Amino acid sequence: MSTQGSVESELDDFDNKALSILVVDDDRTNRLVLNALLSKEGYKISEAADGQQAVDSCLETTPDLILMDVMMPVMDGYEATRQIKAMEVDAFIPIIFLTALTDDESLAACVTAGGDDFLSKPFNRIILQAKIRAMLRLKHSYSVQLQQKKMLSNHAKQEEQEQLVAKKLFSNVVHTGSLESPNIKYIISPMSIFNGDMLLAAYSPSGSLFVMLGDFTGHGLKAAIGALPVSEIFYGMVAKGYSIGDIVFEINARLKKILPTGLFCAGSLVEFDPEYQSISIWSGGVPDTIVFHPEEGIRMKIEPKNVPLGILEPNTFNRSVQMYPLKEDDRIYLYSDGVIEAENAAGGMFGQSRLDQCFDKDSDPDFLFETVLGSLSDFVDGKSQTDDTTCIEILCNASHDQNETEEWKSKSRSKIPLGWDIALDLNADALKEVDPLPIITQTIMEIQGIIEHRERIYTVLAELFSNALDHGILGLDSKLKQSAEGFAQYYTQREENLNNLTDGFVKIHIRHDAVDNKGQLTIHIQDSGKGFEYQDQNTDMSHNTGHSGRGIPLIKTLCREFEYCGNGNEVTAIYEWEYKN
Amino acid sequence: MILVESSDDSPAITLSVSGNFDFSVMMSFQDAFNQGQANFSQFIVDLDGVDYMDSSALGMLLQLKEFAGNVPVTIKTSKKDVLEILRISNFAQMFTVVS
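Chains as they are written, first to last, in this note's numbering: chain U, 1 to 581; chain F, 1 to 99.
Read the hints as simulated data drawn from the structure, not as lab findings.
Predicted, not measured: the structure shown is a model, and the values here were computed from it.
In this text, a Cβ means the ideal position worked out from N, Cα and C, and glycines have one as well.
Keep in mind that a hint or two might mislead.
[What the hints assert, rightly or not] Derived contacts from chain U toward chain F, CB cut-off under 10 angstroms, selection only: (1) 216; (2) 217; (3) 218; (4) 262; (5) 274; (6) 275; (7) 285; (8) 288; (9) 306; (10) 312; (11) 314; (12) 318.
[Unchecked claim] Dumping the calculated DSS-like pairs for lysine-lysine here, alpha-carbon to alpha-carbon at most 25 angstroms: (13) U/305 to F/80; (14) F/79 to U/301; (15) U/301 to F/80.
Given only the sequences and the hints, what does the whole structure look like? Please build it.
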């Protein structure tokens with residue numbers, strides 16, 4: 001806190017404040033001489049005629065320094081010094097022995113008794129003054145140090161208090177939701193919020209389990225601040241039945257707005273749909289997601305396809321999710337890079353391959369999670385690393401608690417398939433301004449209430465609409481998106497072409513029919529582009545994957561019927577859902 | 001440690017990072033690219049000498065990209081661990097990565 005210079009200048013003030021010196025000597029003349037000498041220097045002098053008086057005086061008021069004779073009646077200087085040094089709690093009272101004794105042993109005894117310095121009588125005035133000054137300087141720097149130590153320890157205490165309060169506040173918002181479900185096992189540090197890790201889980205109205213693992217850059221409050229909106233958005237939107245794509249889009253937009261450049265949130269968001277026995281995943285910046293099956297071991301590793309949250313502007317953000325069918329008894333593992341990077345005392349890292357080795361297909365799947373944690377703690381062996389370790393296992397079996405779903409269903413709209421249709425025509429100006437997908441999806445949900453189909457319907461609509469706009473009207477080549485570099489180029493090009501668009505339209509027509517016990521959603525999209533040779537496309541779509549996302553093959557698996565018509569500038573897809581009474 | 005290289009005959013400025021690329025070098029990394037005021041046509045970040053890199057390093061790269069504006073930023077590395085971090089975070093979607 002203070003440099004050498006400021007200590008010096010403070011010491012000058014210190015001198016002027018009439019520092020007090022206690023003179024202890026049984027010889028009255030000696031006391032008089034010292035009193036006269038030091039009073040002239042500006043010190044405030046008090047006197048004691050023996051050791052006992054000195055001790056008593058110190059009990060009353062502590063002097064800044066003591067000049068102590070050795071041989072005195074009642075109590076000698078050694079004993080008085082021992083008692084005075086024993087009584088001091090905070091303050092440092094320097095004691096200088098003034099003694100007629102000159103033998104080495106007596107002088108050493110002064111120091112042994114607790115004296116700080118000694119001077120033999122008769123003394124040289126200048127030396128005495130110098131010693132007093134040196135001792136007072138030492139006392140001063142000791143008191144400055146003591147003050148700083150007190151401030152630091154107060155500060156630490158206060159910080160600890162604040163962290164506890166903050167933790168309570170945060171845990172109200174960033175709560176664990178449905179993490180205690182029987183099909184979930186997890187580990188996360190109780191103070192994780194200040195390590196930047198978060199783990200959220202909730203059931204959607206349709207009975208899907210949503211889990212989010214987030215890992216903010218940095219530590220402390222700046223990491224915790226981002227966690228608040230993420231948690232609010234996650235729990236709010238899952239409860240309302242929004243899809244993963246909607247949720248990550250919203251989270252990214254909010255984080256982009258509030259986080260300074262360089263801070264972001266790596267994360268993955270997973271939806272496990274027990275009814276369709278499938279998972280949808282969006283992930284960016286976190287290690288590969290592991291899917292384990294007892295008969296196959298690691299069955300699938302899902303790579304993160306995205307840039308972490310809070311980096312990209314909403315218009316370049318990729319909200320598309322990957323969908324995979326699941327098998328009964330599949331287990332999904334999400335984990336932060338803290339697991340991979342856990343260090344042992346020798347500085348080695350746990351690493352992906354050690355983690356992968358835990359997933360042996362012969363091991364008991366019910367203890368797999370414990371095996372992973374065991375292997376990790378064996379590796380770090382005593383080095384406390386669990387603070388940065390966040391990991392969750394989701395057992396993907398169809399049976400789970402349906403209470404929340406039932407409650408929602410009673411409140412939801414009638415799901416009886418109805419007959420209706422809507423049409424939306426967008427001209428060039430509208431295409432620049434409006435994203436019709438949320439509007440159309442929301443309308444379908446409002447009328448039919450088939451919230452469990454939201455993500456699928458959105459996926460079909462989004463793919464068909466972006467094909468019409470990006471390829472049909474803007475003339476972009478989807479091959480660009482197959483490489484990571486091209487991906488960025490694609491979006492730059494798209495923005496430019498869209499800005500320059502003067503002519504063109506996309507017509508979207510949605511019809512819904514009740515057919516037997518099913519609802520049938522017919523999506524027809526027509527664009528003003530010149531179309532393409534779709535005969536080849538209708539048969540072979542296998543190349544249309546990679547960075548261009550789910551592509552047409554996915555649409556075909558989601559829809560009952562799918563075909564291009566006209567010049568290839570029109571497309572019809574039929575999505576079917578079953579009505580269960 | 002951050003080493004900045006630029007020469008009159010080359011329009012690129014190269015930031016070579018060695019040792020730990022983490023929070024501890026944040027100040028010197030920022031100082032290094034802030035020197036790049038002149039008319040450079042490219043930033044090259046050479047990460048071949050990096051032993052360890054964490055997410056704050058990714059944050060620094062994002063800050064550099066913001067500073068660079070339209071000037072392209074190329075990340076050069078053949079280090080396996082570094083490439084793995086860049087893969088997971090999909091930074092190739094925003095930077096040119098040369099290995």
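Hint by hint, here is what the structure shows:
Annotation: residue 216 of chain U was flagged as interfacial toward chain F, and the flag holds, the nearest CB pair being 9 angstroms apart, inside 10 angstroms. Interface restraint check: residue 217 of chain U against chain F, minimum CB-CB distance 4 angstroms, threshold 10 angstroms, status holds. Interface restraint check for residue 218 of chain U: the shortest CB-CB distance to chain F comes to about 7 angstroms, inside 10 angstroms, so the restraint holds. For the restraint placing residue 262 of chain U at the interface with chain F, the shortest Cβ-Cβ distance is roughly 3 angstroms, inside the 10 angstroms limit, so the hint holds.
For residue 274 of chain U, the shortest C-beta to C-beta distance to chain F is roughly 29 angstroms, which exceeds 10 angstroms, and the interface hint is violated. Proximity of residue 275 of chain U to chain F is violated relative to the hint, the smallest CB-CB distance being about 31 angstroms (cut-off 10 angstroms). With its C-beta approaching chain F no nearer than about 4 angstroms, residue 285 of chain U sits inside the 10 angstroms limit, and its interface hint holds. A hinted interface residue such as residue 288 of chain U counts as satisfied when its beta carbon comes closer than 10 angstroms to some beta carbon of chain F; here the least separation is about 8 angstroms, so the hint holds.
With a least beta-carbon distance of about 6 angstroms to chain F, the hint placing residue 306 of chain U at the interface is held under the 10 angstroms criterion. For residue 312 of chain U, the suggested interface contact is upheld, since its CB lies about 8 angstroms from the closest CB of chain F, less than 10 angstroms. Taking 10 angstroms as the C-beta contact cut-off toward chain F, the hint placing residue 314 of chain U at the interface is violated, the least distance being around 15 angstroms. With a cut of 10 angstroms, the hint placing residue 318 of chain U at the interface with chain F holds, because the nearest CB-to-CB distance is about 8 angstroms.
Among the hinted pairs, residue 305 of chain U with residue 80 of chain F is consistent with the structure: their alpha-carbon atoms are about 19 angstroms apart, no more than 25 angstroms. Between residue 79 of chain F and residue 301 of chain U the alpha-carbon distance is near 22 angstroms, which keeps this suggested pair within the 25 angstroms criterion. At roughly 19 angstroms between alpha-carbon atoms, residue 301 of chain U and residue 80 of chain F fall within 25 angstroms of each other, so this suggested pair holds.
Hint violations for this structure: numbers 5, 6, 11, all remaining hints satisfied.
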